[in-house]
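Protein chains: 2
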Amino acid sequence: MNDFCSQGPPTEFSSQFIDFVPLATESVPLAQARGRVVAELLASPEALPPFARSLMDGYAVQAADTLGCSESTPALLNVVGEIAAGASGRTLGLGPGQAIRIWTGGELPKEADAVVMVEHTRLAGQDAVAVFRPVAPADNMVQAGEDCAPGALLFEAGHRLRVQDLGLLAGLGIATVQVFCRPRVAILSTGDELVPPDQTPPPGKIRNVNSITLAALVEEAGGLPLPCGICPDDFDRMLALCTEALDQADMLLLSGGSSLGRRDFTRQVLAAIPGSTILVPGVSVHPGKPAILARQGNKALFGLPGHAASALVGFLCFVRPLLRLYMGQGPSLGLPTVRAITGQPIFSMVGREEYVRVRLTPQGDGAPPLATPVAGKTGLLGPLVRAHGLLPIGRDVGGLDEGMDATVLLLP
Amino acid sequence: MNDFCSQGPPTEFSSQFIDFVPLATESVPLAQARGRVVAELLASPEALPPFARSLMDGYAVQAADTLGCSESTPALLNVVGEIAAGASGRTLGLGPGQAIRIWTGGELPKEADAVVMVEHTRLAGQDAVAVFRPVAPADNMVQAGEDCAPGALLFEAGHRLRVQDLGLLAGLGIATVQVFCRPRVAILSTGDELVPPDQTPPPGKIRNVNSITLAALVEEAGGLPLPCGICPDDFDRMLALCTEALDQADMLLLSGGSSLGRRDFTRQVLAAIPGSTILVPGVSVHPGKPAILARQGNKALFGLPGHAASALVGFLCFVRPLLRLYMGQGPSLGLPTVRAITGQPIFSMVGREEYVRVRLTPQGDGAPPLATPVAGKTGLLGPLVRAHGLLPIGRDVGGLDEGMDATVLLLP
Chain P
0 MNDFCSQGPP TEFSSQFIDF VPLATESVPL AQARGRVVAE LLASPEALPP
50 FARSLMDGYA VQAADTLGCS ESTPALLNVV GEIAAGASGR TLGLGPGQAI
100 RIWTGGELPK EADAVVMVEH TRLAGQDAVA VFRPVAPADN MVQAGEDCAP
150 GALLFEAGHR LRVQDLGLLA GLGIATVQVF CRPRVAILST GDELVPPDQT
200 PPPGKIRNVN SITLAALVEE AGGLPLPCGI CPDDFDRMLA LCTEALDQAD
250 MLLLSGGSSL GRRDFTRQVL AAIPGSTILV PGVSVHPGKP AILARQGNKA
300 LFGLPGHAAS ALVGFLCFVR PLLRLYMGQG PSLGLPTVRA ITGQPIFSMV
350 GREEYVRVRL TPQGDGAPPL ATPVAGKTGL LGPLVRAHGL LPIGRDVGGL
400 DEGMDATVLL LP
Chain A
0 MNDFCSQGPP TEFSSQFIDF VPLATESVPL AQARGRVVAE LLASPEALPP
50 FARSLMDGYA VQAADTLGCS ESTPALLNVV GEIAAGASGR TLGLGPGQAI
100 RIWTGGELPK EADAVVMVEH TRLAGQDAVA VFRPVAPADN MVQAGEDCAP
150 GALLFEAGHR LRVQDLGLLA GLGIATVQVF CRPRVAILST GDELVPPDQT
200 PPPGKIRNVN SITLAALVEE AGGLPLPCGI CPDDFDRMLA LCTEALDQAD
250 MLLLSGGSSL GRRDFTRQVL AAIPGSTILV PGVSVHPGKP AILARQGNKA
300 LFGLPGHAAS ALVGFLCFVR PLLRLYMGQG PSLGLPTVRA ITGQPIFSMV
350 GREEYVRVRL TPQGDGAPPL ATPVAGKTGL LGPLVRAHGL LPIGRDVGGL
400 DEGMDATVLL LP
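Residue numbers (numbering that gives the first Met the number 0), protein chains in the order written: chain P, 0 to 411; chain A, 0 to 411.
Don't take each hint at face value.
Unchecked claim - Residues from chain A that keep clear of chain P, each with C-beta distances beyond 12 Å, as calculated: (1) ASP18; (2) GLU39; (3) GLY94; (4) GLU110; (5) ALA129; (6) ASN139; (7) ASP146; (8) LYS204; (9) LEU213; (10) PRO224; (11) ALA308.
Stated by the list, open to error - Partial list, derived from the structure: chain A residues whose beta carbon lies under 7 Å from chain P: (12) GLU25; (13) ALA46; (14) PRO48; (15) ALA84; (16) CYS147; (17) ILE205; (18) VAL208; (19) ILE211; (20) LEU223; (21) GLY365.
Hints listed in this document are in silico derivations from the structure and should not be mistaken for laboratory results. Glycine included, C-beta positions come from ideal geometry on N, C-alpha and C.
Just need the whole structure built from these sequences, with the hints factored in.
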């Protein structure tokens, strides 16, 4: 029985992922932390804002003094001081019947509990102001700690930092943050038939596409690609190159060997790497097979198909989840999804998981888009270029009828 | 009448955008082209693949020779040669009744029109093979140009390059691509109340958050942030800093001046910059106001609010669309959206466009998620950290009832 018959489903892969652990962590400044994954629970070291601030240009007051005032019967308050933006009002006194001129961002006096907008006032002589619209306590100001209380939980380990998260950390004075390291991924294309993309292939040869696409996929997933070029189908050279590449990397992607013979060859190379163990010899996923997984300690070694489109789908299904695990997130696909309606019947082979390339056509009235398969053989890039996403069909499902609900994974 | 009363809707901004044009273009290698926007129509210079290739390990044949064969009555073919992966079969002859051993990726002989998988064959002596499953023409092979025909339209100007696009270009030998330049965006935070994020603010002062958040937003949108630090509320210094920053940049973001007085000040500075014209003195969008737009030639000058959360929303609504225009895309928001159902009534003020921070809660059975507003004043970061997206409510709408369809912009 050859391996094509014993290919396991992709769940075999994910079950092997539990033996891998997240990478080491490092400290990065906020300016480089967007998209990075927090490595430890973060709590707020202080209150944000650190003091009560005015949100408006106007007058700091005691709200009770404005009760019931109106255009015709304004509240008349004595102006006893002024607080500029960035100036501290905490030492200024404010008694009943008094107001202090304050600018947006200014620190309120302790006794003030609201700010009257300047638009709702009129000057009434040298040191007095007429307020003609009442305010409630806390109006037009933020309390100390209203944005974030001291000790509040900010982010748990595994949280991916977005722009607003960086803003909150900056406001709290957390200028560097401990995050999981970016996985270094060595990428080696194998095959006697390959020449670099900038060369004109002689008869029988083609250009190496996977070095470009796999590097871009690694980068998109948050990893650091280490392109290692092309290796011919030579056992000793491939073994030496792989062993050397793994020294510098957390993961190795070997593409090529889509065929029976070449696949055995790839597996033999992966098995011969010092300290390596084959975990999964192949999976029945279409496209994307044959994908081989081996490990050397916590380093993952993937054998991906040679066809660029198949390698791309294989990467999204198997490699990307492990990169996410390395970075402290769950080993999920992590791709954005959209709900869609199948625009025509979609066939699939029972016994293998399929990722059908689909185009999405918007429909009116807020209805989900129509998903229609893109024609073309699975190894080709053109159909993937015309596709918006992949529609996964389970191993035990023979296909989908027209008009059915479906979830489409958007291609990154 | 002060400017708060004369604020236009954000459409005023977009209508001003038509006076701006895309930036210059540059040539980048494929390895750096992911996410970049194509600057000119690209057509295929050649066929991909350049020749008919085998997709399987097996035998190149004339399909007619396998017609009607089966396990019990196999077709017997003479094996007249072998083609390895990367080897050219174009000079090999293949007559009726003949087969040539071929490996995945090998170039088919001219006379072959199909490949039989090795799994569907048995060796029958030294130079013969028994085929026990018929193939149709084009089975298990790709034709020359089947992935991409010579002269085929690849991408139009304005197309943002994805991973599979890079793969197609690499396969066709297009090793560099002409793309629109990344906009250089100078970022200046203004205000006497600001200290850098790594300092402990003295009484009345707060940390500068916008330098971090706006730089991250620029980067996310595909631009190059040029952080220029903090400028106190000093007309001459601000004018000098802005003028200098614009020398190196395609766009200037000035944050601060959320108040009446400060806003006038910002506008005066922007108006005083040599060659500058104020296009829009403010907009009635909540949060995000006051956002000012000026221009100096094709350079855009934005005055954004000082509150980090408001500046962030203002950036997404006004700045990001113009960055997209600079990069050859339409001046649209360009944010991913999800359909959601309002989880409770959402109030909004008629006469201003609102972007309500919402949290999304998944529902079962493939139903859209529930969108519920996140409580908290609009200038605060905490609520934005707890939010998944923004729910836009139009200027003429007083709010949304519970259970209504809504489109939510996902925060990047």
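Outcome of the hint check:
| no. | hint | verdict |
| --- | --- | --- |
| 1 | ASP18 | 28 Å, holds |
| 2 | GLU39 | 17 Å, holds |
| 3 | GLY94 | 21 Å, holds |
| 4 | GLU110 | 16 Å, holds |
| 5 | ALA129 | 18 Å, holds |
| 6 | ASN139 | 10 Å, violated |
| 7 | ASP146 | 4 Å, violated |
| 8 | LYS204 | 6 Å, violated |
| 9 | LEU213 | 9 Å, violated |
| 10 | PRO224 | 9 Å, violated |
| 11 | ALA308 | 7 Å, violated |
| 12 | GLU25 | 18 Å, violated |
| 13 | ALA46 | 11 Å, violated |
| 14 | PRO48 | 6 Å, holds |
| 15 | ALA84 | 5 Å, holds |
| 16 | CYS147 | 5 Å, holds |
| 17 | ILE205 | 6 Å, holds |
| 18 | VAL208 | 5 Å, holds |
| 19 | ILE211 | 4 Å, holds |
| 20 | LEU223 | 13 Å, violated |
| 21 | GLY365 | 5 Å, holds |
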